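> Take a look at the letters that make up each chain.
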Amino acid sequence: MAEDSLIEVRDLTVGFGPVLAVENVSLSIGQGNVYSLVGESGCGKSTLAYSLLGLVPPPGRIVSGEVRFRGQDLARMSYKELRRMRAQHIAVVFQAAMSAFNPVITIGAQVEHILEAHPEVYPSRQEGRKHFEELLQLVRLRPEQVWQTFESRLSGGMKQRVAIAIALLLKPEVLVLDEPTTALDVLSQRLVIDIIRDLHETLDTTVVFVTHDLAVVAELAQRVAVMYAGRLVESGTVEEIFFDERRHPYVKALISAMPSVTADPASLRSIPGQVPDLSDLPPGCRFAPRCGLAQPICSETEPELKVGASGHAVSCHVVNSELGGKAASELAER
Amino acid sequence: MSLLNVEHVSHRYQTARDDRPVLQDVSVDIEAGQTLAVVGESGCGKTTLGRAIVGLMQPSAGTVNFEGADIWKLRGSQYREYRQSVQLVHQDPYGALNPGITVDETLAGGLRYHRIVPRRETHDEVRRLLGLAGLDTSQAFLERYPHQLSGGQRQRLVIARAMALRPSLLVADEPVSMLDVSMRISILDLLKSLGQSHGLAYLFISHDFGVVRYFAAGGRIIVMFFGVVVESGPVEEVIARPQHPYTYLLLDAIPEPDPRRARRRRSEATRIAAERVEAYPADTGCVFANRCPFVRDRCRTDRPPSLTGDAADGHWSACWYPEEIPAAAVRAVDEEVV
Amino acid sequence: MKFFRDLWRICRGDKPALIGAIVILIYIVVAIAGPFATHVGYVKNPALAYLPPSAKYPLGTDFLGNSVLSELIIGTRPIMEVGIAAAVMVVTVGVIVGLVAGYLGGAVDQVVMRITDVFLTIPGLPLVIVIAAIVRTTNPFVLAAILSVTGWAGLARAVRSQALSLRTSDFIDAAKVQGLPLRNIVGRQLLPNIGPYVAIHFLLAVTDAIYAEVGLYLLGVAPITGTNWGIMINLAISQGALYTSQSALYLFSPMLAIVFLQVALVYFSRAMDRLFNPRLRVQ
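Protein chains in written order, with the numbering used here: chain A, 1 to 334; chain B, 1001 to 1338; chain C, 2001 to 2283.
Hints were generated in silico from the structure; no laboratory data involved. What you are looking at is a predicted structure, and each value in this text was computed from that prediction instead of being measured. The C-beta atom is built at its ideal place from N, Cα and C for all residues, glycine as well. Misleading hints may appear alongside valid ones.
[Claimed, not checked] Cross-link-like lysine to aspartate or glutamate pairs, in silico, DMTMM-like; alpha carbons within 25 Å at most:
1) K2002/C <-> E1081/B
2) K2176/C <-> D2109/C
3) K80/A <-> E116/A
4) K2176/C <-> E1105/B
5) K2176/C <-> E1174/B
6) K2176/C <-> E1278/B
7) K1073/B <-> D1029/B
8) K130/A <-> E116/A
9) K2176/C <-> D1104/B
10) K2176/C <-> E1143/B
11) K1073/B <-> D2173/C
12) K2002/C <-> D1124/B
13) K2176/C <-> E1121/B
14) K130/A <-> E1275/B
15) K171/A <-> E127/A
16) K2002/C <-> E1121/B
17) K1192/B <-> D2170/C
18) K2176/C <-> E1067/B
19) K306/A <-> D264/A
20) K2176/C <-> E1081/B
21) K1192/B <-> D178/A
22) K1192/B <-> D2173/C
23) K130/A <-> E1278/B
24) K80/A <-> D178/A
25) K2002/C <-> D1104/B
26) K2176/C <-> E1125/B
27) K171/A <-> D73/A
[Claimed, not checked] Away from chain A, derived, C-beta distances all over 12 Å, residues of chain B:
28) Q1058
29) E1081
30) S1150
31) Q1153
32) P1305
33) I1325
If we strip away everything but chain A, and leave its shape as in the complex, we get:
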């Protein structure tokens, strides 16, 4: 675990009744990093992201493990402390930024409310408004487009950007974004990607974003954690995730399953089968039923997350075993 890790997750398990949405996940997010949580539907990435803020929606709850922000365990924080942490240290932009606004008051009024509620950040309202205008510039909006406007007059892309500006208003150290580019048009997506990149560079904010789109990961992320059916299957730098030889079969297969304008169509392959039902998991490795490299051991025991020298961690019997190198390359050409 890195010395300057801001957020540390250790063996976190989050459950909704008998179903475990997140199981035994450990990762660490360093200061100033752009970290991405990637996976398909039902993999637990959003639940994990919300756990970082202590925001797991009931009836979900943390079953075991811990989430520490600067060493402090979130589970032990009082409601007041959590609230303060959420406002000032970790901010969230939710997936439905579209519905995050109060429809009957102007955006400006909402910003004023926030400033009013946090005098410790901006002693003068004037200062707060000025800073908000700077943030609007960062998200490529002009104050007159936004201040006196009601949310119904803004397009989806604009609302997303305003939500980002508002999230940054209280100068958080970490910004968590849940699917920031999903449901946006191509040009708006491009804008949001560029904006996130800019704000990371100029404000040095630590960014954690959740997505299912590997292209967005390639554009923005420095470190990536890939989840499948509630478990962490691989984590490492973005180059490792895309190019390393020792990668989890799911990650390789997922990249080969993405139709894109640059990929060679003949090399694309779907992943057979479907994501397992969390209430009816197969024994052993959860990806085994769909995996081209599956060995007998894969349907018996769950693989462990093995961390390599560079911090690249993979949870796969075949990749991690001594014979792994040879077997994987033998079977790799399919």
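For chain A, the structure is supplied; the task is to place chains B and C on it using the hints.
Positioned in the frame of chain A, the structure of chains B and C alone reads:
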């Protein structure tokens, strides 16, 4: 004579706030067995065009013709033929299936009404359709309800239903955009193979150029912007050498699934266009004038002509200055991503 | 058959619904078999009037000397016949009107809804009383029709709003693209989706009809022929049951019979949502 063609279709929603026409003088041809892709962002009219072709919506101007005849004037057996020949594959596998009826009934309903097969063979035909779509044909599966199926299974069922009436043209509206990435190729492959084995024509609607490139290889594409067709041509050609600024910008803005190349500086043109992304479409002159990074005076006063049937075969664009568009919008397509 | 198996499974998991189902079943059996098991005479036998409960007369006797229990049993069928018939009419008319108006929209919807509004604003019970007083029928189906005269309107309105929201669904579009006719769209596409709503409303319509029906008999507006609970209450009161304690059972037995049935229907309606909603019914 083309299988289906749309001539000078325009449409206005009566209750629209800004009273903007959702389709403006759109004309396209679809030949039998051909694939035509329609690309554009939300609000461009591509879904409305699909609905007009499938007969769910009657445009306020212009005609939709099936084998030469206006579909809104068809009666009796001619209408029945159109109705069975043109079917729809929706984008939302969760909304496209009736939650209150079983898999069996979903497929049998249309079969029975149109008497596609004799009544006593309905059951077998339902199972044949399921098999065609790669689904379980057991009795247990037939009695399931949509909420018991996975997203991929639901989409396959939607496709099986679309095939029930033995169509010759399928309108596929974003058929994979709501599915997990790992499944998209298999659904696209299913549609492609059905197209080949049954000689189907496709109107393939999508906002994703990558998906279009995979599915519609060898076919044609039209690009739409706020109800106007701005470019038309062969798929690979349009993607490799776009002739309209909007197409160029869309292609340039797509996130690149390769971390080494993704960080490259995007063109100045894209930066400008992204910032004008909320500018209203222009009412006079070229519809794209307010957002175009290459805009000139003429663009604001003269509207480029609409695409008509004559330009059907070549590579056409509604732009006065296509030479302004930088070459090589998309990186060389022969470099593999892994 | 699968339907009954599912019903059994659902009731097993929900005690009140199970109790309701059993009670309703008892009432139905009594309604069908009752007249064969016992009978009631109309000759006054003062010696047997208002006897207290005993082995021979478990609920005592009425002012004519008849066993109150026998009267209850025989009186079940007329009440339930009319109640169920009225509910069937209310639900049939309400659903068809609501679905067609809601699905077709436009002018049809406007006209139909205006008519429905008229029926909604007319006070139900007074109208039923007036009509019953004029028509004076003993035919259970005519009586049921009278009881349904305004009841369908509320259901029609509610079903219409459901149809309005369902009509823009993708799966309705799909049905249209398949060229399916109106009767299929209404009957096979829309109807299953409002199943639970209709089933619950049906049961409640039975309770409404029974109350209204008993009310008619109580007020003497419906002809007092034969025996049923309403008539029993009417006669009990007119024979002075309110003033003497000897006839308490004669007065209260039919009331309790009504109450138990109504409660059973309400309890049973709890199972309707699960039974008719595929998402809840299937494991």
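> Decide, hint by hint, whether the structure agrees.
Hint by hint, here is what the structure shows:
{"no.": "1", "hint": "K2002/C <-> E1081/B", "verdict": "violated (38 Å)"}
{"no.": "2", "hint": "K2176/C <-> D2109/C", "verdict": "holds (19 Å)"}
{"no.": "3", "hint": "K80/A <-> E116/A", "verdict": "holds (17 Å)"}
{"no.": "4", "hint": "K2176/C <-> E1105/B", "verdict": "holds (15 Å)"}
{"no.": "5", "hint": "K2176/C <-> E1174/B", "verdict": "holds (19 Å)"}
{"no.": "6", "hint": "K2176/C <-> E1278/B", "verdict": "violated (36 Å)"}
{"no.": "7", "hint": "K1073/B <-> D1029/B", "verdict": "holds (19 Å)"}
{"no.": "8", "hint": "K130/A <-> E116/A", "verdict": "holds (14 Å)"}
{"no.": "9", "hint": "K2176/C <-> D1104/B", "verdict": "holds (18 Å)"}
{"no.": "10", "hint": "K2176/C <-> E1143/B", "verdict": "holds (23 Å)"}
{"no.": "11", "hint": "K1073/B <-> D2173/C", "verdict": "holds (20 Å)"}
{"no.": "12", "hint": "K2002/C <-> D1124/B", "verdict": "holds (22 Å)"}
{"no.": "13", "hint": "K2176/C <-> E1121/B", "verdict": "holds (24 Å)"}
{"no.": "14", "hint": "K130/A <-> E1275/B", "verdict": "holds (22 Å)"}
{"no.": "15", "hint": "K171/A <-> E127/A", "verdict": "holds (13 Å)"}
{"no.": "16", "hint": "K2002/C <-> E1121/B", "verdict": "holds (24 Å)"}
{"no.": "17", "hint": "K1192/B <-> D2170/C", "verdict": "holds (23 Å)"}
{"no.": "18", "hint": "K2176/C <-> E1067/B", "verdict": "holds (21 Å)"}
{"no.": "19", "hint": "K306/A <-> D264/A", "verdict": "violated (32 Å)"}
{"no.": "20", "hint": "K2176/C <-> E1081/B", "verdict": "holds (15 Å)"}
{"no.": "21", "hint": "K1192/B <-> D178/A", "verdict": "violated (34 Å)"}
{"no.": "22", "hint": "K1192/B <-> D2173/C", "verdict": "holds (24 Å)"}
{"no.": "23", "hint": "K130/A <-> E1278/B", "verdict": "holds (24 Å)"}
{"no.": "24", "hint": "K80/A <-> D178/A", "verdict": "holds (24 Å)"}
{"no.": "25", "hint": "K2002/C <-> D1104/B", "verdict": "holds (16 Å)"}
{"no.": "26", "hint": "K2176/C <-> E1125/B", "verdict": "holds (21 Å)"}
{"no.": "27", "hint": "K171/A <-> D73/A", "verdict": "holds (22 Å)"}
{"no.": "28", "hint": "Q1058", "verdict": "holds (28 Å)"}
{"no.": "29", "hint": "E1081", "verdict": "holds (34 Å)"}
{"no.": "30", "hint": "S1150", "verdict": "violated (5 Å)"}
{"no.": "31", "hint": "Q1153", "verdict": "violated (8 Å)"}
{"no.": "32", "hint": "P1305", "verdict": "holds (25 Å)"}
{"no.": "33", "hint": "I1325", "verdict": "holds (16 Å)"}
Of the numbered hints listed earlier, those contradicted by the structure are 1, 6, 19, 21, 30, 31.
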